[in-house]
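Visitor: Residue strings, one per chain:
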Amino acid sequence: MASPVEHVRESGAPAAAGGPPPPGGLMRLAGPGGRPLGLILKLLLLAVAAAIAVWAAIPLIDAGNWIGLAIVIVATIAIFVIYLSPRMIPAKYLVIGTLFLLGFQVAPIIYTLTTAFTNFGDGHRGSKDEAIAAIESASITQAPGSEVYALSIGTEPDGDLVFLLTDAQGAAFAGTAAGLEPLVPGTFSAGATGKITEAEGFTVLNVGEASARGAEIAEFSVPTDDGAIRSQGLSTAFEGIAGQNYQADCDCITDINTGTVFTADNDIGSFVDPNGNALAQGWKVGVGFENFTDALTNPTIAGSFFKILLWNFAFALLVPVLTFALGLALAMLFNSEELRGRRIYRSLLILPYAMPGFAMLLVWRDMFNADFGLINNLFGLSVDWLGGEWTARLAVLIIQLWMGFPYMFLVCTGALQSIPSDLVEAAGVDGARPGYAFRTITFPLLLVATGPLLITTFAFNFNNFNAIYLTTGGGPFPADNPTAGATDLLISYTYRLAFGGQGADYGFAAAISVLIFLIVAVISIIGFRRTRVLEEVN
Amino acid sequence: MRSRHARLIALGGIVALLVAACGGSDDGGGGTTAATSAAGAGTATSAATGTTAEESPATTGGGAPAGSAAGTLTIWTDALYAPPVKEAADAFAAENGVTVNVQAVNETRTQFLTASQAGTGPDLVLGANDWIGQLVQNGAIDPVPMTDATKDLFNPAAIQAVTFNGQVYGIPYAVENLALYRNTDLAPEAPATWEDLTAAATSLQQQGRVTELLALPIGTDGAPAPYHTYPIFTAGGGTLFGESPDGSYDINQMEMGSDASIAANTRMSQMAQQGLLKTSIGSENLASIFTDQKTAFMVSGPWTLPDIEAAGINYAISDIPSFAGGPPARPFLGVQAVYVASKGQNKALAQEFATNYFIQPEVAQGLYDAQPRPPALLETYESVAAENPDIAAFNEAGAEGDPLPSFTEMAGIFDPWGKAIVAIVGGADPAQTTRDLATTIDGLIGG
Numbered sequence: 001m002a003s004p005v006e007h008v009r010e011s012g013a014p015a016a017a018g019g020p021p022p023p024g025g026l027m028r029l030a031g032p033g034g035r036p037l038g039l040i041l042k043l044l045l046l047a048v049a050a051a052i053a054v055w056a057a058i059p060l061i062d063a064g065n066w067i068g069l070a071i072v073i074v075a076t077i078a079i080f081v082i083y084l085s086p087r088m089i090p091a092k093y094l095v096i097g098t099l100f101l102l103g104f105q106v107a108p109i110i111y112t113l114t115t116a117f118t119n120f121g122d123g124h125r126g127s128k129d130e131a132i133a134a135i136e137s138a139s140i141t142q143a144p145g146s147e148v149y150a151l152s153i154g155t156e157p158d159g160d161l162v163f164l165l166t167d168a169q170g171a172a173f174a175g176t177a178a179g180l181e182p183l184v185p186g187t188f189s190a191g192a193t194g195k196i197t198e199a200e201g202f203t204v205l206n207v208g209e210a211s212a213r214g215a216e217i218a219e220f221s222v223p224t225d226d227g228a229i230r231s232q233g234l235s236t237a238f239e240g241i242a243g244q245n246y247q248a249d250c251d252c253i254t255d256i257n258t259g260t261v262f263t264a265d266n267d268i269g270s271f272v273d274p275n276g277n278a279l280a281q282g283w284k285v286g287v288g289f290e291n292f293t294d295a296l297t298n299p300t301i302a303g304s305f306f307k308i309l310l311w312n313f314a315f316a317l318l319v320p321v322l323t324f325a326l327g328l329a330l331a332m333l334f335n336s337e338e339l340r341g342r343r344i345y346r347s348l349l350i351l352p353y354a355m356p357g358f359a360m361l362l363v364w365r366d367m368f369n370a371d372f373g374l375i376n377n378l379f380g381l382s383v384d385w386l387g388g389e390w391t392a393r394l395a396v397l398i399i400q401l402w403m404g405f406p407y408m409f410l411v412c413t414g415a416l417q418s419i420p421s422d423l424v425e426a427a428g429v430d431g432a433r434p435g436y437a438f439r440t441i442t443f444p445l446l447l448v449a450t451g452p453l454l455i456t457t458f459a460f461n462f463n464n465f466n467a468i469y470l471t472t473g474g475g476p477f478p479a480d481n482p483t484a485g486a487t488d489l490l491i492s493y494t495y496r497l498a499f500g501g502q503g504a505d506y507g508f509a510a511a512i513s514v515l516i517f518l519i520v521a522v523i524s525i526i527g528f529r530r531t532r533v534l535e536e537v538n
Numbered sequence: 001m002r003s004r005h006a007r008l009i010a011l012g013g014i015v016a017l018l019v020a021a022c023g024g025s026d027d028g029g030g031g032t033t034a035a036t037s038a039a040g041a042g043t044a045t046s047a048a049t050g051t052t053a054e055e056s057p058a059t060t061g062g063g064a065p066a067g068s069a070a071g072t073l074t075i076w077t078d079a080l081y082a083p084p085v086k087e088a089a090d091a092f093a094a095e096n097g098v099t100v101n102v103q104a105v106n107e108t109r110t111q112f113l114t115a116s117q118a119g120t121g122p123d124l125v126l127g128a129n130d131w132i133g134q135l136v137q138n139g140a141i142d143p144v145p146m147t148d149a150t151k152d153l154f155n156p157a158a159i160q161a162v163t164f165n166g167q168v169y170g171i172p173y174a175v176e177n178l179a180l181y182r183n184t185d186l187a188p189e190a191p192a193t194w195e196d197l198t199a200a201a202t203s204l205q206q207q208g209r210v211t212e213l214l215a216l217p218i219g220t221d222g223a224p225a226p227y228h229t230y231p232i233f234t235a236g237g238g239t240l241f242g243e244s245p246d247g248s249y250d251i252n253q254m255e256m257g258s259d260a261s262i263a264a265n266t267r268m269s270q271m272a273q274q275g276l277l278k279t280s281i282g283s284e285n286l287a288s289i290f291t292d293q294k295t296a297f298m299v300s301g302p303w304t305l306p307d308i309e310a311a312g313i314n315y316a317i318s319d320i321p322s323f324a325g326g327p328p329a330r331p332f333l334g335v336q337a338v339y340v341a342s343k344g345q346n347k348a349l350a351q352e353f354a355t356n357y358f359i360q361p362e363v364a365q366g367l368y369d370a371q372p373r374p375p376a377l378l379e380t381y382e383s384v385a386a387e388n389p390d391i392a393a394f395n396e397a398g399a400e401g402d403p404l405p406s407f408t409e410m411a412g413i414f415d416p417w418g419k420a421i422v423a424i425v426g427g428a429d430p431a432q433t434t435r436d437l438a439t440t441i442d443g444l445i446g447g
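Chains as they are written, first to last, in UniProt numbering: chain A, 1 to 538; chain B, 1 to 447.
If you're looking for bench data, these hints aren't it; they were derived computationally from the structure. Fair warning: there could be bad hints in the mix.
Unchecked claim - Straight line, CA to CA, 20 Å or less: simulated EDC-like cross-link-like pairs of lysine to aspartate or glutamate:
| hint | chain 1 | residue 1 | chain 2 | residue 2 |
| --- | --- | --- | --- | --- |
| 1 | B | K294 | B | D307 |
| 2 | B | K294 | A | D371 |
| 3 | A | K195 | A | E181 |
| 4 | B | K151 | A | D366 |
| 5 | B | K294 | B | E362 |
| 6 | A | K128 | A | D294 |
| 7 | B | K151 | B | E362 |
| 8 | B | K151 | A | D249 |
| 9 | A | K128 | A | D225 |
| 10 | A | K195 | A | E156 |
| 11 | A | K195 | B | E95 |
| 12 | B | K294 | A | E147 |
| 13 | B | K294 | B | E284 |
| 14 | A | K195 | A | D167 |
| 15 | B | K86 | B | E107 |
So here's chain A without its partners, still in its complex pose (with noise of 0.2 Å):
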């Protein structure tokens, strides 16, 4: 499939979409007379190649995760036979590009999609082991009227941790996986704190040697008759007790204090009551399609996502029409020879272009203020831009058409150096009055050249996350209607149901994004089908 920016380059024009430079330079370097260097050069790149395989090598040795390890080395090894064999010409120019595109494009879409079947999110991030340790170790308090001990961390002859404990009076302790054992006063000693700094029989670590046992010793507990004695920190002790602990022959977890027991349901991944309520902590489980029918079916959101959509096609549509109209006129104006200066002129039109559109949305959205910004000063308005749902929707449309023309002007310069002069005179000798020409040469001719960026900017506005977000927020809002507002896209709506709510629902918002590719797919497809019956006639 031919690419826009290669319709674009067919016709002459300078690759305005930031395609690769000319590699005029390189060329001469690995040419016929630089042979050995381009060899060096080559060994040199695949050696990074190697260095980078190895990086990426070790956190997923770390992790355990062997598949990954494997797609790193079979790339690897591909990557080194395809460039170090004399043959295989083809895969020499593809692999690359390949291997970016099963990275940045396919990897995400396959998550994304698997995602879109979970109840992954918030309170669900896990797995269920991860959930019971957490719910037991949040539930652990301080048994009631227990001792606070201080705490010294010391080994025995054979190694063994032992917390060396001494309580508010004084007494002290040795307290190991076997229990607690009173010291001996005289066979140690202790700091102003109350830390012991000597026991006879123990070696006493210091706190650089303690933490480098830190993982054994937050597992440490020394058993009591109530609970077990566990370490807070280095230097302190206390006697705590599991409020809420796991059972694996019930499948379930059972608070100690209230008796409730809440069992594991493992099709929605969390631990419920007999009412119905459910412990904070779950885990991530497959849910099916349950994602994709609570998003079609819930009132709320079907209640407005007919109006949504409307406002998502118009802005899509109208955002590339004007940007396009804007950028034309403009490119047809500067295309004239007459004009003098025409650099200056043209370099001036892009700068919106050259500027970080992240800043430049949040100034116009400053710019739009009602009250002190510059457009209601300036003009001597008192519009309240951002708060009709008419003018915001104005605004959005300003601002990204200030946003898009540049773009679509260099698109157009190029485009109409590329058509031939010659077709135009030639419509002109024979009769043809200037705007005629126009209309039925040189527009269906930059149709040719421009029409698949102009589809490819639907596809990028209908997801203009950002034009919303950082602008009107979606807003206004309807007063009885916080979730869906006057600006919002699909996008923008859908991120505040699934991630405004009750934390982050990333499940949910996967199946959005599903659907949300899906439109936008059937769209483009047709917009595409539709350019090449332009090509065609042409």
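Go by the hints and put chain B onto chain A.
Guide: For chain B alone, kept in the frame of chain A given last:
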């Protein structure tokens, strides 16, 4: 010819690969987090805690994995607090023969949740108390049990704010709440009631000395509105939630939609009609309206102090007014605290740092020197308040305050609540809008 081209493309490809690999860890992480934090400036929580991203410069190390070796402690904080935390951490490191690595991270909360799940998170993280619910729900932080003796060292309201489900989850270091700033050249007297303030401001406006009656951020998207209008809401008799027997919020007793809340929002609607509340004032232009002397009064928190001191304006800080004959205005009390990560590599050392080192007055003093906010540690607060009347005034203004709720649903409530306030300020019927808001919140809590 063909093979030469192939070599060129290979070269280009590998260079691209190299650039992509290098950029992925450094430039990509830092760049995008800076950008998204600009986007997030003024979202409910950042507005609520006052740490707007716009104030903080872009920082590095956004998503850098914090692979801790034994004896290395990694601490994540925002850019504002990174220098003092680093100073305190270096002292701890030198004392104990360990290494401490302090990283300034934008969008700390989101980054921390993601990194925690991936096992690349830090050992300790600094943040606001309204994060606690979400962090606990995702098993990202552990309780840090405190003895009663340790609790007594702190402002009781700060301890209450970091207590969630009966457990203490963080070591608080700063308390934040709103107060009323006034320009003492324009308004020498602190207004006790909104009626006094309105009279004073209106007369200044009629004399042409100010253009705005009051600077209080609402924003067109309503992001800062709930936090900043809460004192008006409570002064008007409104409450958000009822209380459970232990004095904490009871989320099952939602009060929004009650007659009292409708009366309070009607008060707010009247203030908007008088021109006291405007959607054109948001987090981004709040401070400049006050420092440009366009208004004599501003409602904001201690995070605005540096701006105002830099502008060299004569100012004073007082309690947020109540309505004549009404109950006192109660701002939200937000607390900044340090949390121990559940999945940190060096949990014992992290707990040691948080529970035994971070509570020292020198550390609290260092944090205060970097960011002038009332310290949570009483001893430090006393010494700071004695020499800085602003800090004492903020503490006084927050004396009646309500802790910022930390349950997970709160983030979802702030969003529609802010939008309802924008609608009310814009002229919508307060009674109907409040009832619609109640329906929306009910849906969020129930669903």
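Visitor: Does each hint hold? Answer for all of them.
Guide: Evaluation of the provided hints:
1. About 15 Å separates the Cα atoms of K294 of chain B and D307 of chain B, which keeps this hinted pair within 20 Å; it holds.
2. Taking the CA atoms of K294 of chain B and D371 of chain A, the gap is about 12 Å. The hint holds against a cut of 20 Å.
3. Restraint check: the Cα-Cα separation between K195 of chain A and E181 of chain A comes to about 17 Å, which is no more than 20 Å; the hinted pair holds.
4. Of the supplied pair hints, the one linking K151 of chain B and D366 of chain A is violated, its CA atoms being roughly 45 Å apart against a limit of 20 Å.
5. Taking the CA atoms of K294 of chain B and E362 of chain B, the gap is about 40 Å. The hint is violated against a cut of 20 Å.
6. This hinted pair does not check out: K128 of chain A and D294 of chain A have alpha carbons roughly 24 Å apart, beyond 20 Å.
7. Restraint check: the Cα-Cα separation between K151 of chain B and E362 of chain B comes to about 18 Å, which is no more than 20 Å; the hinted pair holds.
8. A threshold of 20 Å between alpha carbons decides the hint, and for K151 of chain B with D249 of chain A the separation of about 40 Å lies outside it, so the pair is violated.
9. At roughly 29 Å between alpha-carbon atoms, K128 of chain A and D225 of chain A are farther apart than 20 Å, so this suggested pair is violated.
10. Pair hint K195 of chain A plus E156 of chain A holds up; C-alpha atoms about 17 Å apart against a cutoff of 20 Å.
11. Between K195 of chain A and E95 of chain B, the direct Cα distance comes to roughly 16 Å. Compliance with the 20 Å bound is thereby established for this hinted pair.
12. Note on K294 of chain B and E147 of chain A: the hinted pairing is violated, with a Cα-Cα distance of about 59 Å set against a maximum of 20 Å.
13. For a cut-off of 20 Å, the pair hint linking K294 of chain B to E284 of chain B stands: about 15 Å separates their Cα positions.
14. Our distance criterion of 20 Å between C-alpha atoms is met by K195 of chain A and D167 of chain A, whose separation comes to about 10 Å.
15. For the given pair, K86 of chain B sits about 19 Å from E107 of chain B by alpha-carbon distance, which is consistent with the 20 Å threshold.
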